[in-house]
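Given chain A, work out where chain B should sit, using these hints.
Protein chains: 2
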Amino acid sequence: MIKKLVIVGVGLIGGSFAMSLRNANMVEKIVGVGRSWENLSSALGTYVIDAAETSVANAVEGADLVVLAVPVGQMSSVMQEIAPVLSSHTVITDVGSTKQDVIELAARFMPGHLDRFVPGHPIAGAERSGVKAATDNLFQGKNVILTPLQDTREDALALVKDLWQKCGGIVHEMPPKVHDQIFAAVSHLPHVLAYALVADIAARPNARELFQFAAGGFRDFTRIASSSPEMWRDICLANREAMVSELDSYLAQVHHMRDAIAKGEGAELEKIFDAARNARNAWISGGNK
Amino acid sequence: MIKKLVIVGVGLIGGSFAMSLRNANMVEKIVGVGRSWENLSSALGTYVIDAAETSVANAVEGADLVVLAVPVGQMSSVMQEIAPVLSSHTVITDVGSTKQDVIELAARFMPGHLDRFVPGHPIAGAERSGVKAATDNLFQGKNVILTPLQDTREDALALVKDLWQKCGGIVHEMPPKVHDQIFAAVSHLPHVLAYALVADIAARPNARELFQFAAGGFRDFTRIASSSPEMWRDICLANREAMVSELDSYLAQVHHMRDAIAKGEGAELEKIFDAARNARNAWISGGNK
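Sequences listed follow chains A and B, in order. The working numbering numbers the first residue of the first sequence as 1 and each following residue consecutively. The working numbering numbers the first residue of the second sequence as 1001 and each following residue consecutively.
Chain A on its own, in the form it takes in the complex (with noise of 0.2 Å):
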């Protein structure tokens, strides 16, 4: 039993998290935290949170968990505004997009609480936002990666991902490297990409025209350029190495089916379409997507 959870930022995730635990049984008292007066009233009008403050480090006093569920942006004003006064049993975890920045800002901004420290990200709710689409489902059967330190004490690890698990979320543990790296090749890389085709079409001077005849395989494609440009751009910056990679894998794919149809090779393509096909049915019907 948790007495006292922190929630830095109670959007979507923050939000569930918060809910989902309640809902276990597992918390006694939520605090929100949050820039704007409006969502925190919201979200004390929804028994979310049981109390609100705008001021972080009033908030983490005494606090079992702290879940930082902020923009990564925010991220580093954060933990520098907590970091004084963290008591030493308090256990802190993230729901960031990406960990190895995250990690690196709290290397130089709590380093003395690295050991409570559990990087962690759930998969789950990207397209919505905001603590009224906030569930206490939505974790429910959704993959959660906490990429632990050297550092990071076992007993902080397990609370965490005893959380998650109380939440619904299926746990997986990996050095963060590894998590950016799988991230910006199924996640990330497909977010500018959807981008990219909605900006080269919007600026073409017949803009208009191409959107009238656009239907529902451009609007499923295109879906996750409705995201949020700020947070798009700071994962983006933050994955930067992993991004390039990604990016330069890809142009090179599409550069090669440019060729082949410039050069007519039907064969090529279709082995190209064939070997997706059966690995995107493959996937779907492996389970819950």
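Misleading hints may appear alongside valid ones.
Said to hold, decoys possible - No more than 16 Å apart at the CA atoms, straight line, and that leaves these computed lysine to aspartate or glutamate pairs for EDC-like:
1) B:K1177 - A:E209
2) A:K263 - B:E1209
3) B:K1263 - A:E241
4) A:K271 - B:E1230
5) A:K177 - B:E1230
6) A:K132 - A:E38
7) A:K3 - B:E1230
8) A:K142 - A:E173
9) B:K1271 - A:E230
Unchecked claim - To give an idea of the chain B side of the interface with chain A (calculated C-beta under 7 Å), a few residues:
10) I1201
11) P1205
12) T1222
To be verified - To list a few chain A residues with every Cβ distance to chain B over 12 Å, as calculated:
13) G62
14) D64
15) S88
16) F109
17) D136
18) L149
19) Q253
20) E268
These aren't lab readings, by the way, just hints derived from the structure by calculation. We put the beta carbon where it would ideally sit given N, CA and C, even for glycine.
Quick look at chain B alone, frame taken from chain A:
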């Protein structure tokens, strides 16, 4: 009222066209032509068609309208079979995803019938296939493009236009080259890009791990990579010139974003992401997508 309608290729599109016209009381008799008895007997059993033929030359005798709803790759052989036996009053239309190539084939293989040929392309339902997926409302509110030739007679164009409108379609006329350029950008390009991503990832040594952590964004971005490899190979080759131009434009955009990420140019990235999100959100809010 159409006395005899012949659907060559009774799949999702051909079957839905037949069902919609019957529903609108626009047709007396519908003859389906196909290579597979299994599919034809399914279409007979569900009253999508009234009669089935495997010989297209026999089927088209005395027809008022012949709809070519076969893959682009089979178009030339069908045209060669019907050209010698078409009645002088029979109107011919097609539903192919590319138009310039179909028109070239028609000019070559049925030159005596171009005055009654109305090239068409309904924008609907590419991800499912087969007559079992056909419905009488597939085209409701959907765009249908007609690309008449200089030779096409007004009454033939008016007939095909009227029938699509009776199916609920919103009919647009445009030159075939404009059609092919538009759909290269908003349909054919995204298909190639989705195939490219899945093929690139499937070929990695750690493909299994990558797919394990792929989630909703990846699923939607790659949905169209589950489409028919044969059909999309044909489309890419048929629309080669426009495709290469689109791919070059897209590759330049992605190269630019890759360099912005490599150099840490956050403001430039955010500007592109923002333009894309705004354009997409305006498009989505503009209608029934």
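Okay, the hints, checked on the actual structure:
no., hint, result
1, B:K1177 - A:E209, "14 Å, holds"
2, A:K263 - B:E1209, "34 Å, violated"
3, B:K1263 - A:E241, "11 Å, holds"
4, A:K271 - B:E1230, "10 Å, holds"
5, A:K177 - B:E1230, "39 Å, violated"
6, A:K132 - A:E38, "11 Å, holds"
7, A:K3 - B:E1230, "60 Å, violated"
8, A:K142 - A:E173, "14 Å, holds"
9, B:K1271 - A:E230, "10 Å, holds"
10, I1201, "6 Å, holds"
11, P1205, "12 Å, violated"
12, T1222, "6 Å, holds"
13, G62, "36 Å, holds"
14, D64, "29 Å, holds"
15, S88, "34 Å, holds"
16, F109, "20 Å, holds"
17, D136, "19 Å, holds"
18, L149, "21 Å, holds"
19, Q253, "4 Å, violated"
20, E268, "9 Å, violated"
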